[in-house]
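A.B. asks: Here are the chains, one letter per residue:
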Amino acid sequence: MEFIDYYKVLALTKKATEKEIKSAYRKLARKYHPDLNPNDAEAEKKFKQINEANEVLSNPEKRKKYDQYGKDWQHAEEFEKAKTQRGANQSGRSYTNSSNQEGDFSDFFESMFGGASYGRQERQVKFRGQDFNAELQLNLSDVIKTHKRTLTINGKNIRINIPAGIEDKQTIKIKGYGGDGINGGPKGDLYITFSLLNNTEFKREGANLYKTLEIPLTKAILGGTITINTLEGKVKLTLKPETQNGAQVKLKGKGFPRYKKDNEYGDLYITYAIKIPTNLTDDQRELFKKLEELDLK
Amino acid sequence: MEKTIYIHIKEFCSHYNVEVPFIKQLQEYEVVNIEVAETEIMIPENELLNLEKMVRLHHDLAINPEGLQAIHHLLAKVNHLQEEINFLSRKLKRFED
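Chains as they are written, first to last, in the numbering used here: chain Y, 1 to 297; chain Z, 1 to 97.
The following block holds chain Y by itself, in its conformation from the complex:
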């Protein structure tokens, strides 16, 4: 495991005074404190190192052991015991190079001082884990019905329920699926923001749907039956005679499902756009002329 040079972590030399250690710690802690760097895993990692370095270097006893044994300081007590025992029989022998084990500073910290909380002068600060943010792109047609989906977040598979009627840009929180807490703090949360691509022929506003439907001029004038698409299939509509351009009809309950409300749906609004015929035949033109003459009378 990699040895962490605490002096390097705090950008100090071995000759640093207590005041310099305190000052370096405060300076770096202000820069990397997790509360000042939300959602920044790097800063969080750095802050843990800075804290650890400060806890050892600001304590004269711990610092002495660290200075004396360097990377092997996790065995400091063992060395001390061995030294005392052997002192009677042998003298002048160095123990500093007797261990081939690579020391990990954090492990040392725990074994040496009986766990992370031992020897700390101040209370141990617990931090909530980092919140994770993820974006999920879906088609609008995917959220007509409630369904389950498996997502892979940071290597973990999470099966989530996607409720029908979810909105574009809506964010849902999944508690406890964020990063691990520090010093036994609670886990962070996972926030999933939905990005919906409209692959339907409707415009959506909340639970209501809108559609503009072109109808032939003759049908608008004479009335009749038209067939329109809804989310649940085709529906026949009766068109009143003399329907005006821009007239709107509401199909109650034929809109989008309401979010987290079972069996509740918005409405579907159909706006009629009357299509003016082009490329008229001679007969048609003649008939329109007749109409014009009738209008003038």
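Hints in this document: simulated from the structure, not taken from any laboratory.
Some clues are possibly wrong.
To be verified - Computed cross-link-like contacts, PhoX-like style, restricted to lysine-lysine with a CA-CA straight-line distance of at most 25 Å:
{"id": "1", "chain 1": "Y", "residue 1": "K173", "chain 2": "Z", "residue 2": "K3"}
{"id": "2", "chain 1": "Z", "residue 1": "K93", "chain 2": "Y", "residue 2": "K203"}
{"id": "3", "chain 1": "Z", "residue 1": "K91", "chain 2": "Y", "residue 2": "K203"}
{"id": "4", "chain 1": "Y", "residue 1": "K173", "chain 2": "Z", "residue 2": "K77"}
{"id": "5", "chain 1": "Y", "residue 1": "K173", "chain 2": "Z", "residue 2": "K91"}
{"id": "6", "chain 1": "Z", "residue 1": "K91", "chain 2": "Y", "residue 2": "K211"}
{"id": "7", "chain 1": "Z", "residue 1": "K91", "chain 2": "Y", "residue 2": "K169"}
{"id": "8", "chain 1": "Y", "residue 1": "K203", "chain 2": "Y", "residue 2": "K254"}
{"id": "9", "chain 1": "Z", "residue 1": "K3", "chain 2": "Y", "residue 2": "K175"}
{"id": "10", "chain 1": "Z", "residue 1": "K93", "chain 2": "Y", "residue 2": "K173"}
{"id": "11", "chain 1": "Y", "residue 1": "K31", "chain 2": "Z", "residue 2": "K77"}
For chain Y, the structure is supplied; the task is to place chain Z on it using the hints.
C.D. replies: Leaving out everything else, chain Z in the frame of chain Y:
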């Protein structure tokens, strides 16, 4: 009906080793919301995360209430800007696609 849980200010202060006037000052600077029920000062549960954050910054970095007020406002701005960046990135991505 939704229930709000309150924590007595003295209980909070003794747990986090802070003085009552410190919390009152944060309230005065509009960094946290505390409520007065009859003569007792109470902290609503939904203010705890925010207040704990301020206490951590005070303890860990020796930041005084004036500094915490500035940090509180700046963090709110950072959060708002971050949300805006996320929103615009998503929008831009749509155009790129």
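A.B. asks: Work down the list of hints and note, for each, if the structure agrees.
C.D. replies: Cross-check of the supplied hints:
1. Y:K173 to Z:K3: Roughly 21 Å separates the two Cα atoms, so the pair holds.
2. Z:K93 to Y:K203: Given that 25 Å is the threshold and the Cα spacing comes to 21 Å, the pair holds.
3. Z:K91 to Y:K203: Distance ~18 Å between Z:K91 and Y:K203 Cα, so the pair holds.
4. Y:K173 to Z:K77: Distance ~22 Å between Y:K173 and Z:K77 Cα, so the pair holds.
5. Y:K173 to Z:K91: Measuring from Cα to Cα gives roughly 22 Å; hence the hint holds.
6. Z:K91 to Y:K211: holds (24 Å)
7. Z:K91 to Y:K169: Judged against 25 Å, a Cα distance of about 10 Å means the pair holds.
8. Y:K203 to Y:K254: holds (13 Å)
9. Z:K3 to Y:K175: Measuring from Cα to Cα gives roughly 20 Å; hence the hint holds.
10. Z:K93 to Y:K173: Satisfied, since the Cα-Cα distance of roughly 23 Å is no more than 25 Å.
11. Y:K31 to Z:K77: Judged against 25 Å, a Cα distance of about 18 Å means the pair holds.
Taken one by one, the earlier hints all hold for this structure without exception.
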